[in-house]
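**Student:** Take a look at the letters that make up each chain.
There are 2 protein chains.
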Amino acid sequence: METVSENRCFDGTQGVYRHASRTCDCDMTFGLFLPPQAKEGDVPVLWYLSGLTCTHENAMVKAGAQAVAAQVGMAVVFPDTSPRGDGVADDAAYDLGQGAGFYVNATQAPWSSHFRMWDYIGAELPDLLGARFPLDMKRQAITGHSMGGHGALTLAMGHRDRFASVSAFAPIAHPSASDWGRKQLGAYLGSDEAGWTPHDATLQMRAVGLDVPVLVDQGSEDQFLDLLKPEALAEAMAARRQHGVFRMQKGYDHSYFFVSTFMADHVVFHAEALGLS
Amino acid sequence: METVSENRCFDGTQGVYRHASRTCDCDMTFGLFLPPQAKEGDVPVLWYLSGLTCTHENAMVKAGAQAVAAQVGMAVVFPDTSPRGDGVADDAAYDLGQGAGFYVNATQAPWSSHFRMWDYIGAELPDLLGARFPLDMKRQAITGHSMGGHGALTLAMGHRDRFASVSAFAPIAHPSASDWGRKQLGAYLGSDEAGWTPHDATLQMRAVGLDVPVLVDQGSEDQFLDLLKPEALAEAMAARRQHGVFRMQKGYDHSYFFVSTFMADHVVFHAEALGLS
Numbered sequence: 001m002e003t004v005s006e007n008r009c010f011d012g013t014q015g016v017y018r019h020a021s022r023t024c025d026c027d028m029t030f031g032l033f034l035p036p037q038a039k040e041g042d043v044p045v046l047w048y049l050s051g052l053t054c055t056h057e058n059a060m061v062k063a064g065a066q067a068v069a070a071q072v073g074m075a076v077v078f079p080d081t082s083p084r085g086d087g088v089a090d091d092a093a094y095d096l097g098q099g100a101g102f103y104v105n106a107t108q109a110p111w112s113s114h115f116r117m118w119d120y121i122g123a124e125l126p127d128l129l130g131a132r133f134p135l136d137m138k139r140q141a142i143t144g145h146s147m148g149g150h151g152a153l154t155l156a157m158g159h160r161d162r163f164a165s166v167s168a169f170a171p172i173a174h175p176s177a178s179d180w181g182r183k184q185l186g187a188y189l190g191s192d193e194a195g196w197t198p199h200d201a202t203l204q205m206r207a208v209g210l211d212v213p214v215l216v217d218q219g220s221e222d223q224f225l226d227l228l229k230p231e232a233l234a235e236a237m238a239a240r241r242q243h244g245v246f247r248m249q250k251g252y253d254h255s256y257f258f259v260s261t262f263m264a265d266h267v268v269f270h271a272e273a274l275g276l277s
Numbered sequence: 001m002e003t004v005s006e007n008r009c010f011d012g013t014q015g016v017y018r019h020a021s022r023t024c025d026c027d028m029t030f031g032l033f034l035p036p037q038a039k040e041g042d043v044p045v046l047w048y049l050s051g052l053t054c055t056h057e058n059a060m061v062k063a064g065a066q067a068v069a070a071q072v073g074m075a076v077v078f079p080d081t082s083p084r085g086d087g088v089a090d091d092a093a094y095d096l097g098q099g100a101g102f103y104v105n106a107t108q109a110p111w112s113s114h115f116r117m118w119d120y121i122g123a124e125l126p127d128l129l130g131a132r133f134p135l136d137m138k139r140q141a142i143t144g145h146s147m148g149g150h151g152a153l154t155l156a157m158g159h160r161d162r163f164a165s166v167s168a169f170a171p172i173a174h175p176s177a178s179d180w181g182r183k184q185l186g187a188y189l190g191s192d193e194a195g196w197t198p199h200d201a202t203l204q205m206r207a208v209g210l211d212v213p214v215l216v217d218q219g220s221e222d223q224f225l226d227l228l229k230p231e232a233l234a235e236a237m238a239a240r241r242q243h244g245v246f247r248m249q250k251g252y253d254h255s256y257f258f259v260s261t262f263m264a265d266h267v268v269f270h271a272e273a274l275g276l277s
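Note that the protein sequences, when read in sequence, are chains A and B.
FYI, the numbering for the first sequence is 1 to 277, going by the numbering used here.
FYI, the numbering for the second sequence is 1 to 277, going by the numbering used here.
If you're looking for bench data, these hints aren't it; they were derived computationally from the structure.
Some hints here could point you the wrong way.
Copies of one chain are not kept apart here, so a pair can be met inside one copy or by any two copies together.
Said to hold, decoys possible - Restricting the straight-line Cα-Cα distance to at most 27 Å, the calculated cross-link-like pairs of lysine-lysine (DSSO-like) are:
hint, residue 1, residue 2
1, Lys39, Lys138
2, Lys62, Lys39
3, Lys39, Lys183
4, Lys250, Lys138
5, Lys138, Lys183
6, Lys250, Lys183
7, Lys62, Lys250
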């Protein structure tokens, strides 16, 4: 593992690291914020999964998570959104290939050789983090934005004992019924839609739900509402009697100005679930 | 004036606007955050001047000023750092020409036809803001980072009744004695160094100082300490008995991770001077 950069930030350290991923068969880069409390011992960790076109960097510099994470004593990890590099398959569209991994293990060519973000976030990266940093991997929570909100919800429902709490900002809530989903799940997983089910938060919420609290924020003026389909997830959460809160935030759009506005709420929500406050 | 974008942010509005500047003789773009209190009446305004290579956008998305500005009821304006466009002179170096206006009125060709940032920040943009937005232009404060910290300090010392308070993050503190300064002041203002004096914060601090409080933050691990010369400004502030605080922040570098860490302190400092808290 290589240290790309480390910057002092809110009395902690915002680091960027690169490692050879066996899961994705390429170098992968991630950001990790360690709060000041990590100097004294292991701290819990919040996963932040980013959206289409993002790298590890976008939320790290724009979402404003570090201020509150430093207060409560929580690390935040910012993974990349896909494998990358010259030898990695890509597509001319912004919403397929590099920058658009959709947090699945691809089974179809040309994607299946590298696009294994489900296992990368599900197994390889947490193993690496636990081994190399002062993190208490028994206390994890997860959030994300847009495609990353989809990833946070589906990964949490697929790894049931791992996260103490789950949240999402404007998630792609029902990809198997959306142009942000049908194209990608078809390309990565093939045309048999039965294989898509674990990667559709609405379908999973209907089928299994979560044993831990959920917080979802959605802007009422989001320019992608037709693609995100928040109403499907809200209905599924209510029908399941899912412990959680779905908030429609009046006037907010899909940008990081929306994410940063409510980031403190999400960090505090996870801190409470992790026993930090 | 054209609205480029408006995003809801911390219950206020983060806008980006473009206008034909007569001072710079080109289109200029700026960001303006209006806090929720601006719906009820005019609010005070904090100027944030950015550093080398930045546009209006960098601090707007990375410095984290909006959260606290919304709490205290302060607008924040993010001007660009220079004139721009195909018809505007430029240089291959990152630290001269577009993105590097140094907040002066150039007198030398080829810069003198557009590079008039001193008058743009000093007169044209405040006039426009006061006319078009719910801002109380009798209550202004100013801050900035690196080249923008230089601009904040020198503009404040050159417009003595305008700002209630002045702050800076890692300012270029003594440009007439630095490679971040001698090249640019020479190019823009000519080789007669007497003309540089109004644009050197240390020289101005020695000569005239400020009648209002000053807050300066500087990271001890800043990779540009030799160019910034904070010791010259610290000495000049102390020698003048300047009302203010100079803080050396252990472990911090020159990045926005440093700026965002201490942004809340600066906003609160200005809010107190503006009578907001």
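**Student:** Please sort Lys62 with Lys250 into within, between, both or neither, judging by C-alpha distance up to 27 Å.
**Tutor:** both (21 Å within a copy, 24 Å between copies)
**Student:** Since the copies are identical, ignore which copy is meant and state whether Lys39 and Lys183 lie within 27 Å (CA to CA) inside a copy, between copies, both or neither.
**Tutor:** Neither. Shortest intra-copy (45 Å) and inter-copy (43 Å) distances fail the 27 Å Cα cut-off.
**Student:** Within a copy, between copies, both or neither: where do Lys250 and Lys138 come within 27 Å Cα-Cα?
**Tutor:** neither (36 Å within a copy, 32 Å between copies)
**Student:** Given a CA cutoff of 27 Å, do Lys250 and Lys183 count as a within-copy pair, a between-copy pair, both, or neither?
**Tutor:** Classified as neither; 30 Å inside a copy, 50 Å across copies.
**Student:** Check Lys62 against Lys39 for me: Cα-Cα at most 27 Å, and say if that holds within a copy, between copies, both or neither.
**Tutor:** both (25 Å within a copy, 26 Å between copies)
**Student:** Regarding Lys39 and Lys138, is the shortest C-alpha distance of 27 Å or less found within a copy, between copies, in both, or in neither?
**Tutor:** The answer is within: 18 Å in one copy meets 27 Å, while 46 Å across copies does not.
**Student:** At most 27 Å between C-alpha atoms: does Lys138 with Lys183 qualify within a copy, between copies, both, or neither?
**Tutor:** Neither way: Lys138 and Lys183 sit 36 Å apart in one copy and 55 Å across, limit 27 Å.
Hint compliance for this structure: hints 3, 4, 5, 6 are broken, all remaining hints hold.
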